[in-house]
Amino acid sequence: MLGGAPESRLTIVYCRVSSTGQKDDLASQVNTMEIYCRSAGVTVDEWVQEIGGGMNFKRKHFLSILDRMQRGEIEKLLVAHKDRLVRFGYDLIAHIAAENGCEIVVVNQNSLSPQQEMVEDLLSIVHTFSCRLYGMRKYKKQLREDYPEYKVKEPKDILQ
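Using this note's numbering, read the sequence shown as starting at 1167 and increasing by one per residue.
Don't read these hints as lab results, they were simulated from the structure. Cβ atoms here follow ideal geometry from the backbone N, Cα and C, with glycine treated the same way. Where hints are given, some of them may not hold.
[Claimed, not checked] Simulated pairs of lysine to aspartate or glutamate, DMTMM-like, Cα-Cα distance not exceeding 20 Å:
{"id": "1", "residue 1": "1242", "residue 2": "1211"}
{"id": "2", "residue 1": "1248", "residue 2": "1216"}
{"id": "3", "residue 1": "1224", "residue 2": "1249"}
{"id": "4", "residue 1": "1248", "residue 2": "1212"}
{"id": "5", "residue 1": "1242", "residue 2": "1212"}
{"id": "6", "residue 1": "1248", "residue 2": "1233"}
{"id": "7", "residue 1": "1226", "residue 2": "1216"}
{"id": "8", "residue 1": "1242", "residue 2": "1257"}
{"id": "9", "residue 1": "1248", "residue 2": "1265"}
{"id": "10", "residue 1": "1242", "residue 2": "1269"}
[Stated by the list, open to error] Distance windows between CB atoms, simulated:
{"id": "11", "residue 1": "1218", "residue 2": "1285", "range": "23 to 33 Å"}
{"id": "12", "residue 1": "1257", "residue 2": "1295", "range": "15 to 25 Å"}
{"id": "13", "residue 1": "1315", "residue 2": "1208", "range": "56 to 66 Å"}
{"id": "14", "residue 1": "1295", "residue 2": "1264", "range": "30 to 40 Å"}
Can you build the whole structure from these sequences, using the hints too?
If you want it as structure tokens, here you go:
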């Protein structure tokens, strides 16, 4: 632990969705976590809600939680699903947490076979890159509309 554990350690609930269009899902996730915490008798010190992709490790609240975890400030971190914390690399985050005396509680533990887990990982990767490709196409279209006097090149034209 960096700097030793503070006297009073926190219990934090972390809820995340990928986009602003999923705000209803975020509210539902928070509600589910409230019900779980109430029924399990968990006293929550802090509720953290974030909008950002699970493959993006530069999320403000996620990084803050990691920093606080490494300082020993967090005793327990609750998430609805593993992928709400990170899309990939959960085991690394869990290791960092354990090394710093933080327990990560995953409320919805779907037990998947290694094959099912791999298929879900691959589908997540394909989905993420499909969204990025769609975003690039939308951006290119917007550039063409905003600047008709310029020829917006295709990515293949730029690379040649």
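Identify every previously stated hint that the structure contradicts and give their numbers, smallest first.
Violated hints: none; all satisfied.
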